[in-house]
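One-letter residues, chain by chain:
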Amino acid sequence: MKNEAPHGPERRGFRHRLRELRVTLWTLIVPPSVWAVHFLFCYLWVAVSCAKLGAFPRFTTAFVIGTLVAEAIIVASGWIAWVQTHTPGDPAPHDQGTDIDRLRFLAVSTLLLAGLSFVAVIFTAVPALMLTDCR
Amino acid sequence: MSLHAQDDPALRAAQEERLRAVWKPPTGWFFRWTDTNNNQVGVWYTLTAFGFMLFAGVLAMIMRAQLAVPENDLVSPATFNQLFTLHGSMMMFLFAVPMFEAVSIILLPQLLGARDLPFPRLSAFGYWSFLIGGVFVTGSIFFNVAPDGGWFMYPPFTTRTDLSGLGADIWMLGLSFIEVSSVAAAVELIVGVLKCRPPGMRLNLMPLYAWYILVVAVMILFAFPPLIAGDVLFEMERLLGWPFFDQAKGGDPILWQHLFWIFGHPEVYIVFLPSIALFAMIVPTFARRHLLGYPWIVLAAVGTAFLSFGLWVHHMFTTGLPKISLAFFSAASEAVAIPTGIQIFAFIATLWAGRVVWSTPLLYVTGSLAIFVIGGLTGVMVAIAPFDWQAHDTYFIVAHLHYVLIGGTLIPLFGGLYYYWPLITGKKLSDRMGRTAFWFLFAGANLTFFPMHFSGLLGMPRRVFTYPAELGIGGLNLASTIGSWVFAAGVAIVCVDLALSPRRSKSPRNPWEAGTLEWLAHPDDEDWGIRSVPLIESRYPIWDQKDFVKKVDEGRFFLPDAEEGRRETIVTSVLDARPVQVVRLGGPSIKPMLTAIALGSVFILTTYHLYWAALVGAVVTLGMILLWLWTGTAEIPEKDCKPIGHGIELPLYISGASASGWWAMFITMMADATAFSGLVFGYYFFWTRHEHFPPSGVGLDGPGAFWPMVALAVSLAGWLMTIGARETNKRGMVGAARALLALGAVASLAAIGAGLAGPWLSGLAPKLHVYPAIVWTLVIWTTAHAGVGAIMQLYTLARSVAGKMTPKYDADVRNITVYQHFMALTAVVTYATIGLFPGAA
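In the order they appear, the protein sequences are chains F and X.
First residue of the first sequence? That's 1 in this note's numbering, and the numbers climb one at a time after it.
First residue of the second sequence? That's 1 in this note's numbering, and the numbers climb one at a time after it.
Simulated from the structure, these hints should not be mistaken for laboratory data.
Given the structure is predicted, the values throughout are model-derived calculations rather than measurements.
Heads up, a few of these hints could be off.
Unchecked claim - What the simulated footprint calls covered on chain F by chain X, stretch by stretch (three residues with Cβ under 8 angstroms from a Cβ of chain X suffice, anywhere in the stretch; the number is not a length):
1. 19 to 28
2. 32 to 42
3. 91 to 103
To be verified - Using C-beta positions, here's what the derived DEER-type ranges look like:
4. Trp79(F) x Ala739(X): 50 to 60 angstroms
5. Pro88(F) x Ala489(X): 58 to 68 angstroms
6. Pro88(F) x Phe837(X): 50 to 60 angstroms
7. Trp79(F) x Leu615(X): 54 to 64 angstroms
8. Gly54(F) x Leu458(X): 37 to 47 angstroms
9. Val58(X) x Val37(F): 39 to 49 angstroms
10. Leu68(F) x Tyr154(X): 36 to 46 angstroms
11. Ala489(X) x Leu68(F): 52 to 62 angstroms
12. Ala739(X) x Val119(F): 54 to 64 angstroms
13. Val119(F) x Ala840(X): 30 to 40 angstroms
14. Val119(F) x Arg462(X): 30 to 40 angstroms
Claimed, not checked - Only pairs whose alpha carbons sit at most 27 angstroms apart, straight line, appear in this in silico DSSO-like list of lysine-lysine:
15. Lys639(X) x Lys808(X)
16. Lys767(X) x Lys52(F)
17. Lys506(X) x Lys427(X)
18. Lys639(X) x Lys804(X)
19. Lys639(X) x Lys24(X)
20. Lys249(X) x Lys52(F)
21. Lys427(X) x Lys24(X)
22. Lys52(F) x Lys323(X)
23. Lys506(X) x Lys428(X)
Glycine included, each C-beta is placed from N, C-alpha and C at the ideal position.
Build out the structure end to end from the sequences listed, making use of the hints.
Pasting the structure below:
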């Protein structure tokens with residue numbers, strides 16, 4: 001837990017509270033679900049704009065904010081998962097049938113999914129930077 | 001049952017005698033087919049799917065023979081159309097998906113140390129549906145009426161009855177029926193993985209196969225329903241003339257492509273991930289170590305599942321959608337390579353870090369990975385839209401998809417066959433024949449499909465029955481045909497190997513010295529599944545837990561007995577597998593088979609336009625389902641709890657969110673809601689396609705806002721009354737609960753009338769234009785659900801009156817409340833869409 005050393009006691013308390021958060025299969029799929037919502041939002045936004053208006057407004061505030069919010073949620077869930085992967089207690093390699101190892105497993109998986117989702121959201125956003133019309 | 005008691009051999013023998021009696025399969029030439037035990041049903045399922053695979057393979061051989069030389073006339077163009085359509089449809093719907101379900105039905109209980117899956121009769125129903133639907137679709141080719149529109153059945157050629165015959169109906173209705181069985185299997189497998197794990201098998205100790213099964217079953221739940229919605233629209237157009245895909249009347253064939261590929265692309269991963277799941281079992285066994293990167297594999301499975309739903313438009317790059325839309329899907333198609341690559345690297349790393357035993361199954365694994373990677377790389381190529389515009393609908397795509405499916409599904413399944421054959425039969429297959437077959441398959445696949453990349457780039461289109469010599473692709477095609485014979489020889493060697501198996505002697509128990517639970521199976525296997533349900537402390541308990549096999553065999557773990565003469569298994573909690581219930585399982589019964597026959601008759605009779613007979617079949621199906629539920633579910637046990645050993649007592653009846661039945665209802669309704677969202681997507685899709693939507697004119701104006709709002713209010717009243725019935729019943733006010741159920745049923749029935757009144761009274765004419773057609777479809781879907789809701793409410797009322805549901809034993813009312821939640825959501829979306837959206841638009 002070397003990266004916790006510089007922080008004060010309140011900070012440790014906060015991290016401690018994060019580790020107490022209930023982690024389930026539903027929290028595991030938060031990052032990819034955010035990707036899915038963002039993807040659907042982009043697709044529908046463009047499809048409806050092109051069909052109904054014949055053009056889509058580039059860099060609307062909604063698009064920029066939507067993408068930033070999506071990435072923020074993914075980063076937040078990844079960070080919570082990162083803190084949880086550092087729950088002290090059981091020895092490595094953390095593949096035992098204990099509460100802490102189960103938490104660490106779900107946390108690592110959530111963290112990895114957050115990484116993948118973060119990249120995937122960027123992938124989705126890039127075309128809107130490059131392409132400008134509905135052709 | 002203390003530890004001490006199990007020391008007594010006489011007690012153990014008595015327990016085994018009781019277990020044997022309870023799990024005794026039915027006998028007799030007919031009644032043996034009424035068995036519901038997973039190890040029987042799973043084997044039938046696997047053999048049937050294998051048979052369909054061989055049949056579809058023969059169709060491919062005929063096609064390759066036709067294409068061996070230019071201008072060949074071995075088969076007519078019409079026959080050729082039927083051959084490739086049936087080949088693709090069978091391999092997808094009758095082999096790849098059912099094979100995954102079949103193998104999982106066999107393996108999953110063994111992997112989870114359960115006696116059976118939670119709903120064995122549902123598995124049997126799924127099997128019989130699959131068999132009937134499969135024979136119906138397959139048999140059509142012998143009458144020259146097989147479907148001939150390609151495996152994706154693109155309208156408008158397939159919806160115009162003057163251009164396509166009975167084959168399109170056979171495809172649509174026969175395969176819809178099989179989709180029902182796939183969703184049934186998905187429900188069974190999800191509940192199995194989440195609720196039937198052995199005590200102690202927390203999520204992080206679950207075999208990776210189970211993780212993949214969970215992910216794939218959830219994917220089925222979201223992928224198949226859009227196709228079912230598409231099938232509904234498709235058949236409405238073919239049978240009733242409602243113009244969903246008819247451009248002249250405001251329809252659009254592109255809608256079908258959307259609905260088909262929202263199913264069709266996840267489908268690729270639905271058939272690929274289970275094979276990767278087999279790798280995840282085979283690789284650690286022969287690397288002699290734990291799989292490296294367990295959470296990375298879970299990431300890969302879950303990540304692939306999500307991303308695979310963002311890829312469907314890459315099958316539609318040439319349909320003229322805006323480039324920016326294509327770019328989104330192209331980006332997601334590239335992103336999916338990340339998780340796919342991760343799992344392959346995890347396997348390579350495990351082999352690298354382990355002490356590899358070069359067995360036959362491992363040979364298949366490595367060989368198929370090589371083939372799959374080639375298919376994956378061409379996949380990355382065609383995910384780039386400009387490249388796809390060149391390669392679309394050419395043999396390059398045929399090469400790509402066969403590399404993916406042969407490397408990602410077929411050869412892994414052969415590897416799995418060699419690995420798991422000893423588990424099923426107690427006998428190993430021949431290593432020599434297995435390796436010979438492998439090299440035939442490997443060489444054959446490459447020789448068949450690698451030249452197709454070039455014939456495609458040289459301009460050979462897909463689905464053509466012949467080609468001119470001047471195109472200069474004769475040599476490439478001849479090579480492909482020769483390769484197909486080499487491949488077929490490999491399959492034939494496997495079949496011979498299987499046929500010789502009965503003459504071979506039994507192999508020792510756990511012949512591969514694997515570490516996972518399924519290898520507890522004994523060569524002279526008993527039908528009870530597992531002698532006692534173990535406490536799990538490791539991912540590889542046979543390797544890591546001391547005296548594990550002995551303790552299981554001597555009944556020293558949980559539930560070593562069947563005192564009450566009932567088939568039972570343990571239900572545990574989702575995250576940590578804490579035991580919560582002993583669930584009584586359905587035994588052999590003829591009802592699943594009869595229900596499947598009745599439901600099959602509905603689909604088959606509709607194909608031949610025998611609507612009254614089909615209606616009779618539907619009524620019989622409903623009656624069978626009610627009889628099945630009434631006699632076989634939510635049974636009140638003779639006592640509240642029973643001991644399972646080690647001082648633990650578990651209830652025999654639970655209801656609500658920890659019960660398997662509640663989960664099954666929830667999961668089924670997720671699939672139902674997904675199908676519904678496909679129809680709603682249709683409505684808004686048509687809105688984007690028209691300048692004025694809804695249109696106006698005679699037969700086009702409606703349904704107004706009044707009746708939809710009445711229908712919505714009445715539907716919500718029925719929902720609230722059901723919730724009220726649940727709450728009053730829980731508090732012991734049985735009379736009030738019954739009154740609320742009766743009133744709820746009245747409200748549901750009134751909602752049917754009010755729902756239909758909108759389009760009916762405004763005279764919406766569904767044959768005229770797509771707008772009235774889609775409004776009618778949404779209303780019919782919603783009112784049909786209200787009708788089912790009324791039947792459920794009346795059923796629950798009858799259960800209460802008959803004393804089969806009480807304040808304490810209230811699973812029925814809790815489960816129908818879940819249905820009503822979804823019903824309320826459906827009503828809100830439908831009536832807001834048809835009643836309020838026209839005003840807003």
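Checked hints:
1. Coverage of a stretch by a chain is defined here by at least three residues with a beta carbon nearer than 8 angstroms to that chain's beta carbons; for the region 19 to 28 of chain F and chain X the count is 3, and the condition holds.
2. Look at the region 32 to 42 of chain F against chain X: 6 of its residues bring a Cβ nearer than 8 angstroms to a Cβ of that chain, three or more, so the hint holds.
3. With 6 residues having a Cβ less than 8 angstroms from any Cβ of chain X, the region 91 to 103 of chain F passes the three-residue criterion, so the hint holds.
4. Take tryptophan 79(F) and alanine 739(X): their Cβ atoms lie about 53 angstroms apart, and the range 50 to 60 angstroms holds.
5. Checking the proposed 58 to 68 angstroms range against proline 88(F) and alanine 489(X) shows it holds: the Cβ atoms sit about 59 angstroms from each other.
6. Range check, proline 88(F) to phenylalanine 837(X): about 55 angstroms between beta-carbon atoms, so the 50 to 60 angstroms window is met.
7. At roughly 58 angstroms, the beta carbons of tryptophan 79(F) and leucine 615(X) sit within the given window of 54 to 64 angstroms.
8. In this structure the supplied range 37 to 47 angstroms holds for glycine 54(F) paired with leucine 458(X), their Cβ-Cβ distance being about 39 angstroms.
9. Take valine 58(X) and valine 37(F): their Cβ atoms lie about 46 angstroms apart, and the range 39 to 49 angstroms holds.
10. For the pair leucine 68(F) and tyrosine 154(X), the supplied restraint of 36 to 46 angstroms holds, since their beta-carbon distance comes to about 40 angstroms.
11. Distance hint for alanine 489(X) and leucine 68(F): a CB-CB separation of about 58 angstroms, consistent with the stated range 52 to 62 angstroms.
12. A C-beta distance of roughly 57 angstroms is found between alanine 739(X) and valine 119(F), which places it inside the suggested range of 54 to 64 angstroms.
13. Checked against the hint of 30 to 40 angstroms, the pair valine 119(F) and alanine 840(X) passes, with Cβ atoms roughly 37 angstroms apart.
14. Taking 30 to 40 angstroms as the suggested C-beta distance range, the pair valine 119(F) and arginine 462(X) conforms, at roughly 33 angstroms.
15. Annotation: proposed proximity of lysine 639(X) to lysine 808(X) holds, straight-line Cα distance about 13 angstroms (limit 27 angstroms).
16. Note on lysine 767(X) and lysine 52(F): the hinted pairing holds, with a Cα-Cα distance of about 26 angstroms set against a maximum of 27 angstroms.
17. A distance of roughly 5 angstroms separates the Cα atoms of lysine 506(X) and lysine 427(X); the hinted pair therefore holds under the 27 angstroms criterion.
18. Taken as a hint, the lysine 639(X) and lysine 804(X) pair is honoured in the structure, with Cα atoms around 15 angstroms apart against an allowance of 27 angstroms.
19. For the hint pairing lysine 639(X) with lysine 24(X), the CA-to-CA distance comes to about 24 angstroms; that is within 27 angstroms, so the pair holds.
20. The hinted pair formed by lysine 249(X) and lysine 52(F) meets the criterion: a straight-line CA distance of about 20 angstroms does not exceed 27 angstroms.
21. Taken as a hint, the lysine 427(X) and lysine 24(X) pair is honoured in the structure, with Cα atoms around 22 angstroms apart against an allowance of 27 angstroms.
22. Proposed proximity of lysine 52(F) and lysine 323(X) is supported: the alpha carbons are some 16 angstroms apart, at most 27 angstroms.
23. Distance restraint check for lysine 506(X) and lysine 428(X): the Cα-Cα separation of roughly 8 angstroms lies within the 27 angstroms cut-off, and the hinted pair is therefore satisfied.
Against the hints set out earlier in the document, no violation occurs for any number.
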